[in-house]
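One-letter residues, chain by chain:
Protein chains: 2
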Amino acid sequence: MADVMTRKRRGGGRAGAAARRGAAVIDQMPWRIPVNTDRPTEPLDEDGIQAIHDGAMRILEEIGVVFLNEEALGILREAGCRVEGDLVRMDRDFVMEMVGRAPSEFTITPRNPDRKITIGGNKLLFGNVSSPPNYWDMEIGRKVPGTREQCANLLKLTQYFNCIHFAGGYPVEPVDIHASIRHLDVLYDKLTLSDKVMHAYSLGKERVEDVMEMVRIGGGWSDEEFEATPRMYTNINSTSPLKHDHPMIDGCLRMARRGQGIVVTPFTLAGAMAPVTMAGAVAQSLAEALCAIALFQYVRPGIPCVIGTFTSNVDMKTGAPAFGTPEYMRSTQMTGQMARFYGLPMRSSGVCAANVPDGQAMWETSNSLWAAVQSRSNMVYHAAGWLEGGLIASPEKFIMDCEILQQIQRYMEPEVVATGPDEIALDAIKAVGNEGHFFGIQHTQDRYTTAFYQPFLSDWKNYEGWEAAGGIWTAERAHHKFKEIIGSFEPPPMEDGIREELADFVARRKSEGGAPTDF
Amino acid sequence: MADVMTRKRRGGGRAGAAARRGAAVIDQMPWRIPVNTDRPTEPLDEDGIQAIHDGAMRILEEIGVVFLNEEALGILREAGCRVEGDLVRMDRDFVMEMVGRAPSEFTITPRNPDRKITIGGNKLLFGNVSSPPNYWDMEIGRKVPGTREQCANLLKLTQYFNCIHFAGGYPVEPVDIHASIRHLDVLYDKLTLSDKVMHAYSLGKERVEDVMEMVRIGGGWSDEEFEATPRMYTNINSTSPLKHDHPMIDGCLRMARRGQGIVVTPFTLAGAMAPVTMAGAVAQSLAEALCAIALFQYVRPGIPCVIGTFTSNVDMKTGAPAFGTPEYMRSTQMTGQMARFYGLPMRSSGVCAANVPDGQAMWETSNSLWAAVQSRSNMVYHAAGWLEGGLIASPEKFIMDCEILQQIQRYMEPEVVATGPDEIALDAIKAVGNEGHFFGIQHTQDRYTTAFYQPFLSDWKNYEGWEAAGGIWTAERAHHKFKEIIGSFEPPPMEDGIREELADFVARRKSEGGAPTDF
Numbered sequence: 018m019a020d021v022m023t024r025k026r027r028g029g030g031r032a033g034a035a036a037r038r039g040a041a042v043i044d045q046m047p048w049r050i051p052v053n054t055d056r057p058t059e060p061l062d063e064d065g066i067q068a069i070h071d072g073a074m075r076i077l078e079e080i081g082v083v084f085l086n087e088e089a090l091g092i093l094r095e096a097g098c099r100v101e102g103d104l105v106r107m108d109r110d111f112v113m114e115m116v117g118r119a120p121s122e123f124t125i126t127p128r129n130p131d132r133k134i135t136i137g138g139n140k141l142l143f144g145n146v147s148s149p150p151n152y153w154d155m156e157i158g159r160k161v162p163g164t165r166e167q168c169a170n171l172l173k174l175t176q177y178f179n180c181i182h183f184a185g186g187y188p189v190e191p192v193d194i195h196a197s198i199r200h201l202d203v204l205y206d207k208l209t210l211s212d213k214v215m216h217a218y219s220l221g222k223e224r225v226e227d228v229m230e231m232v233r234i235g236g237g238w239s240d241e242e243f244e245a246t247p248r249m250y251t252n253i254n255s256t257s258p259l260k261h262d263h264p265m266i267d268g269c270l271r272m273a274r275r276g277q278g279i280v281v282t283p284f285t286l287a288g289a290m291a292p293v294t295m296a297g298a299v300a301q302s303l304a305e306a307l308c309a310i311a312l313f314q315y316v317r318p319g320i321p322c323v324i325g326t327f328t329s330n331v332d333m334k335t336g337a338p339a340f341g342t343p344e345y346m347r348s349t350q351m352t353g354q355m356a357r358f359y360g361l362p363m364r365s366s367g368v369c370a371a372n373v374p375d376g377q378a379m380w381e382t383s384n385s386l387w388a389a390v391q392s393r394s395n396m397v398y399h400a401a402g403w404l405e406g407g408l409i410a411s412p413e414k415f416i417m418d419c420e421i422l423q424q425i426q427r428y429m430e431p432e433v434v435a436t437g438p439d440e441i442a443l444d445a446i447k448a449v450g451n452e453g454h455f456f457g458i459q460h461t462q463d464r465y466t467t468a469f470y471q472p473f474l475s476d477w478k479n480y481e482g483w484e485a486a487g488g489i490w491t492a493e494r495a496h497h498k499f500k501e502i503i504g505s506f507e508p509p510p511m512e513d514g515i516r517e518e519l520a521d522f523v524a525r526r527k528s529e530g531g532a533p534t535d536f
Numbered sequence: 018m019a020d021v022m023t024r025k026r027r028g029g030g031r032a033g034a035a036a037r038r039g040a041a042v043i044d045q046m047p048w049r050i051p052v053n054t055d056r057p058t059e060p061l062d063e064d065g066i067q068a069i070h071d072g073a074m075r076i077l078e079e080i081g082v083v084f085l086n087e088e089a090l091g092i093l094r095e096a097g098c099r100v101e102g103d104l105v106r107m108d109r110d111f112v113m114e115m116v117g118r119a120p121s122e123f124t125i126t127p128r129n130p131d132r133k134i135t136i137g138g139n140k141l142l143f144g145n146v147s148s149p150p151n152y153w154d155m156e157i158g159r160k161v162p163g164t165r166e167q168c169a170n171l172l173k174l175t176q177y178f179n180c181i182h183f184a185g186g187y188p189v190e191p192v193d194i195h196a197s198i199r200h201l202d203v204l205y206d207k208l209t210l211s212d213k214v215m216h217a218y219s220l221g222k223e224r225v226e227d228v229m230e231m232v233r234i235g236g237g238w239s240d241e242e243f244e245a246t247p248r249m250y251t252n253i254n255s256t257s258p259l260k261h262d263h264p265m266i267d268g269c270l271r272m273a274r275r276g277q278g279i280v281v282t283p284f285t286l287a288g289a290m291a292p293v294t295m296a297g298a299v300a301q302s303l304a305e306a307l308c309a310i311a312l313f314q315y316v317r318p319g320i321p322c323v324i325g326t327f328t329s330n331v332d333m334k335t336g337a338p339a340f341g342t343p344e345y346m347r348s349t350q351m352t353g354q355m356a357r358f359y360g361l362p363m364r365s366s367g368v369c370a371a372n373v374p375d376g377q378a379m380w381e382t383s384n385s386l387w388a389a390v391q392s393r394s395n396m397v398y399h400a401a402g403w404l405e406g407g408l409i410a411s412p413e414k415f416i417m418d419c420e421i422l423q424q425i426q427r428y429m430e431p432e433v434v435a436t437g438p439d440e441i442a443l444d445a446i447k448a449v450g451n452e453g454h455f456f457g458i459q460h461t462q463d464r465y466t467t468a469f470y471q472p473f474l475s476d477w478k479n480y481e482g483w484e485a486a487g488g489i490w491t492a493e494r495a496h497h498k499f500k501e502i503i504g505s506f507e508p509p510p511m512e513d514g515i516r517e518e519l520a521d522f523v524a525r526r527k528s529e530g531g532a533p534t535d536f
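Sequences listed follow chains R and X, in order. One gets this note's numbering by counting positions in the first sequence from 1 and adding 17 to each. One gets this note's numbering by counting positions in the second sequence from 1 and adding 17 to each.
In isolation and in its complexed conformation, chain R is listed as follows:
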C-alpha cells in the first residue's frame, strides 16, 4: 500500500515525460464505443426461439430454482412466486412482466465521464480478463499464483488500451493479499490506475458496500450523485444447475437498491452442469439468469440488468471444460437471439482452453470473439488476457488479444465498406489504366495514412525482414510490448484529496478487520 502510494507521488514530476514516452509505445486506435453493424448470425428460426423460451419458462414453472438467500425468498414469496423451502417456482407471466421492466440499453458513467459506456443495442464493449487465480508470463515461464504487482500490471494494460472499455473483476487474484482486505487494496489500485468503469464482486455485504463506497469516493460523488445513474456494476454466476448462492444475490440486491448495473451469467457447461445438448444448456442458462433478473426488477423496477452467457461444452474424454469450440459459438449465437427476444443487453466472453499464448489460444479466442460479434453481444468479458479456461491471466495474451480487438473495431468502421464515387474511384482507375500502379496517385496519397488498419503487434515484414529483426514469434513480441507499456505507464489524473480519502478509507477498513472470509 505505502509502496504504491510512494511510487505514485514520486512519479508525479515525471508524469509528463512518462506520458510522452507512453504515447509512443504503441500507435493504438483512439478510445471509441464500437457499433456492431453486422446483422447477427441467427441459427434459430422462430420455432427454435419459442422452443428454447418455452423450455426456460417450464424450468422456472415446473422445476424451480433454489435461492440460498432468505431475503430473496421473502421477496419472491411476497411477489406471488411458489416458494417451498429454498426452492422457488415462478410463472412465465411474472417472469416476462419483470424482465420487461429492464432497460434494453443503459449507460455507466465512471469517475472520468469521457469513459462513459453505453450497454445494449448494437454497442460492442470489451473488458479485461477477470478472476484467474494464476498468472503466466514469458519471463517467469510457468504458472504461478497471482500477486498484487501482477494484478496492478494487468490493470495498467486495462487502462492503457483504448480497445478495453471497462474493467472487469481482478485481472488476476492477488493471493498475496489476505482475502479479508484484498478488495480494499485491489480497488485502491484499480481506482488509482484506471478511470474506466469499475466492477464489484458480490462476495458478501462488506465487500460490496466497501467497493461501492470506494467507487463513490473515487468519483468525488455524494451518495445522491452516486445513485443518480449507474456508476459501476457487478457480475454474478449462478451455481448451476438451478441454484443461486447467498452472497451473489445479496450483492446484487445491494447494488440494485443503489441503482447500479447487474450482470447475471450462469456457467452452464453442457454435459456437466447442464444438458449435453446445446439448446438444453442454453434454456437452463436463460432460466437461471431470468429468475434472478425478475427478482431484481421486482425490487427495483428498471434497474439495468444484462443477461450473460457462459455456455460451453466439456472435453468428451476428460470432462474438462472446453472453450471457443463450435458448440460454444453456436450457444453464444443462440443466447444472443434469446437476449433480443427478452429485450435485454447481453454479455459473452473471449475465451480459450489453451495454457500458453500460442496458435491454439488464438484460434479459440478468435472463435469466441467472432461469436461475440455474431451474437451481437454488448459486453465481452475476458476479452484480453485469458488462458487455461480462465485459470491463468497472461500479459502476453492480453496484448495479443488487443490486436484482435482493435481489428474488430476497425472491421466495424463504416468507411471500410463505403461505396460513394470517391470509393469506387473510377477516375483513379482510369488514371492508372492498364499499366503502372496506384502507389503514387493523388487518390492514394489523400487516403494512405488512414485507409487501412495499422497493427501494433502483427509483424507484416517479409520473412527476411522478420528474421533480420530477430525472428521473434508473436508471444515474445507481445512480452516486449508488455514491458514497454508497463515501463512508461502513467496513471490517469486523480485529485490528491480523493486519493488520500481513498487511502484513509482503506486504512480504516483494514483496522476494522476488513471483510469476513467465511464465504
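In short, the hints are calculated from the structure, not lab data. There may be inaccurate statements among the hints.
Label-pair restraints from in silico Cβ distances [stated by the list, open to error]:
hint : chain 1 : residue 1 : chain 2 : residue 2 : range
1    : R       : GLU481    : X       : GLU481    : 33 to 43 Å
2    : R       : ILE489    : X       : GLU529    : 25 to 35 Å
3    : R       : THR124    : X       : LYS500    : 52 to 62 Å
4    : R       : THR335    : X       : PRO162    : 39 to 49 Å
Every value quoted in this text rests on a predicted model; they were computed, and no experiment measured them. For each residue, glycine too, the CB sits at the ideal point set by N, CA and C.
Given chain R, work out where chain X should sit, using these hints.
Then chain X, alone, in the frame of chain R:
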C-alpha cells in the same frame, strides 16, 4: 521419379499395416461436403451493390481491359466488343448476357467418384495451400526453397485430411525439378498420392494439355468421358490493373473447350494494383474477372466458372501486402454479395502475413476463414498451410489450419443448434434438479461420444496436465502430427496399369523436352 515409384511399389505389401497405423494417427472428421447454413454477412445495401456493379461495368465499358492474347482479341472482336490494339472494351449488356450463361452450381468428379465436389450454392469447400516457392518446418527451422519431397509430403496431407476437399496448385513449388518437366513430375505425384479433384496451372499450352491428359489417364477415362463432365479445374490471376496475360487466357480457353472448370481470381491489392478504397478495389477485381468469364462463356456457353477474390490491402508503412485484415474481411464479404448478384460461385482464401505458425498466423488465418464463411465462399483456396503472404508453405501451419477447418465443418452441422424436445431436455433437467450433475444421466450417456467437436491438435488438458506431457506449444505439437501422418501415409488405390501409363506418359514427354520455359 524412380525413387517415388520404388517407394510406392516396395510399400505395397505394408500398405495394410500402414493403413491400420494411419487410421490411428488422428481421430479426424469423416469426408463430407459442408453446407454453409449461416446467412451471409452483407456490408452492402442495395445501393452499394448497384454502385459497385456500375463501377465494374464502367471500367469495362469506358476504360477497358488488356488481353495479351491474339486468339482472345479475335474472339472478342467477333463478339462485338470494341478492340483497339490489345485493349478491349465491352458493354454491360454483353457482359451480363455472357455471365448469365455460367451455372450457379456445378460438380467436379475426380478419379475417385466418392471425392466428387459440388461448387456453388451454399457448399463450402477447402483446398490446400498453392504455389509458395518456399518451405518452412520446425525441423529445418528456416525458410528454404521447395523440393519435390516437401511437395509430396504436403500432397500427402492434402489427401490425408478429410476436411481438404480439393487439391490446389503445387502445395510448394519443387524448384529442385526443372521448370520444363516440373508439371509432369508433380502431377504424377499428385495423381498417385491423391484421388481428390486436381488443378492445372495455365502456364502455356503444353502444361495445360499435359495435365489434362494425365488427369484423363489417371481417371481411366476416354476423351469423351473426360469431357462429359468437369474432371478438374484451373485457376488464373489477372495482371492487375486491368490486364490478362497470354498463358492464363490460353489455358482457360483450352480447359473451356474440354468442359473443365475455370476459376478467375484477380489479385487487387488496395493501394498498389487497385484503388486504396476497398469498394474500388472490389469493383476493379470484379471487372477483371467478369470480362474473362464473359470470354469463356462466349466460347463455350455454360462452362463452369468461379469468380475469385484476392482483394486485400498493403501495409501503409512499407507497401508490403497484408492478409486477414479487417479490410480483407470486408472486401471478401462485399465480393460475396456481388458473386451472388452475378449468380456465380465464389472463391476466397485462407491467408496470413505471418512468417511462422504462431499466434499472429492464427488470428489472421481465422479472420480470413471466417470471412470465407461470412461471404458464403464456395471454394476456399490456401485453406491449410499458407505463411508469409503465400511465399512459404508449412506442414505445421497446414495441420493447425485443419483443426480450424474441422471446427468450421462442425459449426455448420445442424444438430449443434437443434431445438427438439430431446435437445431442450426438460426431463434431463428435471431429473438432475438443483443438485448434482449431468455426467452420469442417460440423456448424457446416449449422446456423449458425438455431442461435441473432438479436436485432434488442440490440447484441452489443464496446465499441470499439459506441462506433465512436455509443455508443448501448438506448432510443435503440429510438427509431431505431421511426422506421424507422413510416416504412416498410405496412398489411395490406383490400378497398376494406370500408374504405368502415367509413368510412360511422363517419360515420353520428358524425352520430348517437356514444356517451354520462356514464360
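Hints versus structure:
1. R:GLU481 - X:GLU481: 33 to 43 Å: Because 40 Å falls inside the window, the suggested range holds.
2. R:ILE489 - X:GLU529: 25 to 35 Å: violated (50 Å)
3. R:THR124 - X:LYS500: 52 to 62 Å: Holds: the Cβ-Cβ distance is about 56 Å, inside 52 to 62 Å.
4. R:THR335 - X:PRO162: 39 to 49 Å: Holds - the Cβ-Cβ distance for THR335 (chain R) and PRO162 (chain X), about 43 Å, lies within 39 to 49 Å.
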